[in-house]
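A.B. asks: So you can see what is in the structure, the chains are spelled out below.
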Amino acid sequence: INYFLSKPRFTQVLASTRKLHAGADGSKVSPSAAPERLPFCRVTEEDLAFFRKILAGRTIVDPDLVEPSNVDWLKSVRGSSEVLLRPQTTEEVSQILSYCNSRNLAVNPQGGNTGLVGGSVPVYDEIILSTSLMNKILNFDSISGVLTCQAGCVLENLSFYLEERDYIMPLDLGAKGSCQIGGNVATNAGGLRLLRYGSLHGTVLGLELVLADGQVLDCLSTLRKDNTGYDLKQLFIGSEGTLGVITAVSILCPRKPKSVNVVFLGCETFEQLLKTFQLCKSMLGEILSAFEFLDSECMRLLNTHLKLPNPISDCPFYIVIETSGSDPTHDAQKLHNFLEEAMTSSLVSDGTVATEEAKIKALWSLRERVTEALTHDGFTYKYDISLPVERIYQLVTDMRKHLGNRAKSVVGYGHVGDGNLHLNVTSPSKDPALLAAIEPFVYEWTASCRGSISAEHGLGLKKRNYIYYSKQSQAVALMGNIKAMLDPKGILNPYKTLPDNLKQ
Amino acid sequence: LSCKVLSSVVTPCYCFVSPQIRVKPDNTGVVTDGVKHSMNPFCEIAVEEAVKLKEKKLIKEVVAVSCGPQQSQETIRTALAMGADRGIHVDVSGKDYENLGPLQVSKILAALAKQEDAQLILLGKQAIDDDCNQTGQMTAALLDWPQGTFASEVSLEGDKINLVREIDGGLEHIKINTPAVITADLRLNTPRYATLPNIMKAKKKKIVTVKPADLGVDVTSRLEVLKVEEPPQRQAGMKVETVEDLVVKLKEAGRV
Numbered sequence: 001i002n003y004f005l006s007k008p009r010f011t012q013v014l015a016s017t018r019k020l021h022a023g024a025d026g027s028k029v030s031p032s033a034a035p036e037r038l039p040f041c042r043v044t045e046e047d048l049a050f051f052r053k054i055l056a057g058r059t060i061v062d063p064d065l066v067e068p069s070n071v072d073w074l075k076s077v078r079g080s081s082e083v084l085l086r087p088q089t090t091e092e093v094s095q096i097l098s099y100c101n102s103r104n105l106a107v108n109p110q111g112g113n114t115g116l117v118g119g120s121v122p123v124y125d126e127i128i129l130s131t132s133l134m135n136k137i138l139n140f141d142s143i144s145g146v147l148t149c150q151a152g153c154v155l156e157n158l159s160f161y162l163e164e165r166d167y168i169m170p171l172d173l174g175a176k177g178s179c180q181i182g183g184n185v186a187t188n189a190g191g192l193r194l195l196r197y198g199s200l201h202g203t204v205l206g207l208e209l210v211l212a213d214g215q216v217l218d219c220l221s222t223l224r225k226d227n228t229g230y231d232l233k234q235l236f237i238g239s240e241g242t243l244g245v246i247t248a249v250s251i252l253c254p255r256k257p258k259s260v261n262v263v264f265l266g267c268e269t270f271e272q273l274l275k276t277f278q279l280c281k282s283m284l285g286e287i288l289s290a291f292e293f294l295d296s297e298c299m300r301l302l303n304t305h306l307k308l309p310n311p312i313s314d315c316p317f318y319i320v321i322e323t324s325g326s327d328p329t330h331d332a333q334k335l336h337n338f339l340e341e342a343m344t345s346s347l348v349s350d351g352t353v354a355t356e357e358a359k360i361k362a363l364w365s366l367r368e369r370v371t372e373a374l375t376h377d378g379f380t381y382k383y384d385i386s387l388p389v390e391r392i393y394q395l396v397t398d399m400r401k402h403l404g405n406r407a408k409s410v411v412g413y414g415h416v417g418d419g420n421l422h423l424n425v426t427s428p429s430k431d432p433a434l435l436a437a438i439e440p441f442v443y444e445w446t447a448s449c450r451g452s453i454s455a456e457h458g459l460g461l462k463k464r465n466y467i468y469y470s471k472q473s474q475a476v477a478l479m480g481n482i483k484a485m486l487d488p489k490g491i492l493n494p495y496k497t498l499p500d501n502l503k504q
Numbered sequence: 001l002s003c004k005v006l007s008s009v010v011t012p013c014y015c016f017v018s019p020q021i022r023v024k025p026d027n028t029g030v031v032t033d034g035v036k037h038s039m040n041p042f043c044e045i046a047v048e049e050a051v052k053l054k055e056k057k058l059i060k061e062v063v064a065v066s067c068g069p070q071q072s073q074e075t076i077r078t079a080l081a082m083g084a085d086r087g088i089h090v091d092v093s094g095k096d097y098e099n100l101g102p103l104q105v106s107k108i109l110a111a112l113a114k115q116e117d118a119q120l121i122l123l124g125k126q127a128i129d130d131d132c133n134q135t136g137q138m139t140a141a142l143l144d145w146p147q148g149t150f151a152s153e154v155s156l157e158g159d160k161i162n163l164v165r166e167i168d169g170g171l172e173h174i175k176i177n178t179p180a181v182i183t184a185d186l187r188l189n190t191p192r193y194a195t196l197p198n199i200m201k202a203k204k205k206k207i208v209t210v211k212p213a214d215l216g217v218d219v220t221s222r223l224e225v226l227k228v229e230e231p232p233q234r235q236a237g238m239k240v241e242t243v244e245d246l247v248v249k250l251k252e253a254g255r256v
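Listed in order, the protein sequences are those of chains F and C.
Per the UniProt record's numbering, residue 1 is the first one in the first sequence, and the count goes up by one each step.
Per the UniProt record's numbering, residue 1 is the first one in the second sequence, and the count goes up by one each step.
These aren't lab readings, by the way, just hints derived from the structure by calculation.
There could be a bad hint or two in this list.
Mimicking SDA-like on lysine to any residue, the simulated pairs with C-alpha atoms at most 25 Å apart in a straight line are [claimed, not checked]:
| hint | chain 1 | residue 1 | chain 2 | residue 2 |
| --- | --- | --- | --- | --- |
| 1 | C | Lys107 | C | Gly237 |
| 2 | C | Lys201 | F | Met343 |
| 3 | C | Lys52 | F | Ser32 |
| 4 | F | Lys361 | C | Lys107 |
| 5 | C | Lys201 | F | Ser313 |
| 6 | F | Lys359 | C | Thr209 |
| 7 | C | Lys114 | C | Thr209 |
| 8 | F | Lys471 | F | Gly177 |
| 9 | F | Lys256 | C | Glu74 |
| 10 | C | Lys205 | C | Asp85 |
| 11 | F | Lys258 | C | Ser93 |
| 12 | F | Lys359 | C | Lys107 |
| 13 | C | Lys203 | F | Ser32 |
| 14 | F | Lys258 | C | Thr195 |
| 15 | C | Lys54 | F | Pro311 |
A few chain C positions that, by computed beta-carbon distances, are all more than 10 Å from chain F [stated by the list, open to error]:
| hint | residue |
| --- | --- |
| 16 | Lys54 |
| 17 | Ala180 |
| 18 | Ala194 |
| 19 | Leu196 |
| 20 | Pro197 |
| 21 | Ile199 |
| 22 | Asp245 |
Among chain F residues calculated to face chain C with C-beta under 8 Å, some are [claimed, not checked]:
| hint | residue |
| --- | --- |
| 23 | Leu308 |
| 24 | Pro311 |
| 25 | Leu339 |
The structure presented is a predicted model; accordingly, all values stated were derived computationally and were not measured.
A virtual CB, placed ideally from N, CA and C, is assigned to each residue, including glycine.
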């Protein structure tokens with residue numbers, strides 16, 4: 001079937017197609033806009049009868065109840081699905097996918113719906129397959145620290161469960177109150193602790209998945225070391241629901257640290273921030289568990305929109321450092337030495353320390369709630385970029401210069417310790433001209449440093465066509481082959497992750 | 001107000017790391033080993049108020065006091081980092097510390113207030129581990145000083161103090177003479193963060209250690225804890241499909 005559209009018909013289709021950022025005259029469409037609907041079948045009454053038979057009471061067709069699952073957290077993309085399915089077991093997921101595959105019905109797996117690239121909601125009428133009711137913890141081994149649970153467990157709930165048993169999750173992110181572990185794995189979520197505990201590619205020990213044809217793939221190992229054949233789970237970690245639906249996860253969890261300290265520092269220049277990072281690694285190395293930054297523009301948004309006060313004096317850059325260790329006295333001493341050195345060598349102009357829970361939460365919220373503050377500032381254009389650490393802020397400065405006063409706010413923050421910048425631009429409302437100024441400027445800038453155009457957010461719908469800025473075409477072609485092999489009909493999360501031109 | 005010394009009391013408290021407080025197996029108390037001890041939030045507010053008064057030049061000096069074992073000195077250091085001038089650590093440890101309650105603490109504070117010739121004592125309204133809400137009131141009684149408890153606003157007017165108190169019916173405005181005891185409530189202020197330059201400065205400020213006996217105070221407790229137990233486990237609820245079912249179930253349970 002030929003999906004290639006000639007120009008006049010393109011304009012016609014645009015009128016009926018969901019648009020994201022189309023040009024004003026409809027002649028030039030942004031690569032992040034949705035493509036035309038692929039010829040999947042549409043849901044019929046027979047289909048609903050089948051779903052109701054296996055999911056009694058959990059086949060949702062009431063538009064008001066389906067609506068929240070049709071819109072992403074940023075309220076930037078909306079689908080028109082009419083069916084929300086809520087299985088409780090792997091077997092139910094298997095039956096659903098087997099049926100949908102045979103009927104050629106598209107399926108959108110959905111966890112907490114906190115994704116930022118439009119990957120978690122339907123583009124058209126894809127059936128939403130929610131893992132929210134698959135929220136059982138299956139097992140926890142307190143000797144090895146391996147947790148096995150269903151994919152729909154909310155990250156924060158897993159944290160609470162583990163903390164009671166003196167362990168913690170190896171990942172932590174601002175969305176923890178809503179995001180689910182299955183979604184975290186499907187997007188290879190990074191977060192605030194990656195610096196210390198590594199990525200999910202290292203901490204996930206096993207997965208249970210359901211493939212596009214309904215086949216259950218049991219790779220749910222709890223072994224730390226297992227070199228028997230190809231490590232299939234690695235393929236699914238970060239696959240964004242396009243290669244299979246994750247139904248259970250086993251993950252290696254670290255011990256809860258006995259001593260946690262959070263330091264909030266202010267620096268005059270980015271160079272000093274980087275030097276502070278080096279000093280930090282050398283003096284705090286083994287207890288360092290997070291190194292995040294935010295700029296003064298972020299602080300302004302936190303003050304203005306969320307009424308969070310600055311705990312120290314105004315500085316161009318702020319750092320959040322967290323240490324986690326097994327001995328409070330040792331850690332306090334190391335931290336004291338580091339802070340004294342940072343202050344006396346004037347790398348840091350001001351700062352404060354928190355050692356107890358309430359204050360620690362308050363300091364962390366200054367970093368974790370920047371995303372929320374941005375949503376109050378207007379329509380947000382989000383970029384999640386990996387760059388060589390010393391170049392990180394240059395992109396923000398260049399973007400500010402490039403956009404001038406076309407943008408309302410341009411802010412930079414993020415996991416500077418991992419070389420990951422969150423660059424955000426806001427405007428009072430959706431502005432296609434502004435978007436055209438930002439993209440592809442930001443991607444070309446990133447590609448020129450051989451950076452990644454999506455460090456941890458994934459590609460989803462919005463960034464799928466930019467993959468070539470960070471990956472060679474042979475690599476992308478191989479990805480397409482793997483997708484075709486695992487999901488020949490392409491029913492799993494269509495229109496996402498892989499670029500449109502793969503289909504031609 | 002030619003206020004010579006403002007004594008601000010800092011109570012170390014047991015701040016439990018969420019989510020679980022555990023009762024000791026022998027039911028004599030709660031587990032405190034390995035639990036982080038930090039400054040009582042209401043006492044933090046008291047320290048903040050004291051420092052603010054000093055910054056407004058209404059009082060001369062802020063002395064932070066804490067009763068407890070060696071670790072109490074850390075809490076005093078935090079107060080010094082917030083702006084207190086010097087600290088007094090009243091050394092009470094072991095069994096004496098476990099049994100230390102509001103009566104003994106208020107005797108100690110009264111003795112210290114006389115020794116330091118303080119004009120004002122600022123404390124938190126209650127400690128969040130025992131929730132007694134007694135120390136401020138007892139201290140005032142022992143010294144025969146007026147007391148302004150649950151203060152949400154404090155202002156000095158000559159040698160009197162204007163206070164707004166948070167009470168069940170609303171807000172009460174009173175005027176009291178000095179010397180006086182004030183206990184801080186939640187809305188009195190928002191405590192500042194101790195910033196690094198001040199934390200560094202605080203290391204040079206003096207903390208003097210004394211024993212209760214030096215102050216002529218006997219810390220033997222008049223109370224004996226008989227038993228500490230957890231509240232009963234919460235029973236699972238039940239879901240019903242209709243209002244009629246709800247009424248039936250309520251009747252069955254004898255609630256209606």
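A.B. asks: Against this structure, judge whether each hint is valid.
C.D. replies: How the hints compare with the structure:
1. Lys107(C) x Gly237(C): violated, 48 Å
2. Lys201(C) x Met343(F): Holds. Lys201(C) to Met343(F) sits at ~12 Å (cutoff 25 Å).
3. Lys52(C) x Ser32(F): Violated: Lys52(C) and Ser32(F) sit about 54 Å apart, past 25 Å.
4. Lys361(F) x Lys107(C): Not OK: Lys361(F) and Lys107(C) at ~36 Å, beyond 25 Å, violated.
5. Lys201(C) x Ser313(F): holds, 17 Å
6. Lys359(F) x Thr209(C): violated, 28 Å
7. Lys114(C) x Thr209(C): With Cα atoms ~17 Å apart, Lys114(C) and Thr209(C) stay inside 25 Å; holds.
8. Lys471(F) x Gly177(F): violated, 33 Å
9. Lys256(F) x Glu74(C): Holds, at about 23 Å.
10. Lys205(C) x Asp85(C): holds, 7 Å
11. Lys258(F) x Ser93(C): holds, 23 Å
12. Lys359(F) x Lys107(C): violated, 32 Å
13. Lys203(C) x Ser32(F): violated, 56 Å
14. Lys258(F) x Thr195(C): holds, 24 Å
15. Lys54(C) x Pro311(F): holds, 20 Å
16. Lys54: holds, 20 Å
17. Ala180: holds, 29 Å
18. Ala194: Nearest chain F Cβ is 6 Å from Ala194(C), so the label is violated.
19. Leu196: violated, 4 Å
20. Pro197: violated, 7 Å
21. Ile199: violated, 7 Å
22. Asp245: holds, 17 Å
23. Leu308: violated, 12 Å
24. Pro311: holds, 4 Å
25. Leu339: holds, 6 Å
Against the hints set out earlier in the document, violations occur for numbers 1, 3, 4, 6, 8, 12, 13, 18, 19, 20, 21, 23.
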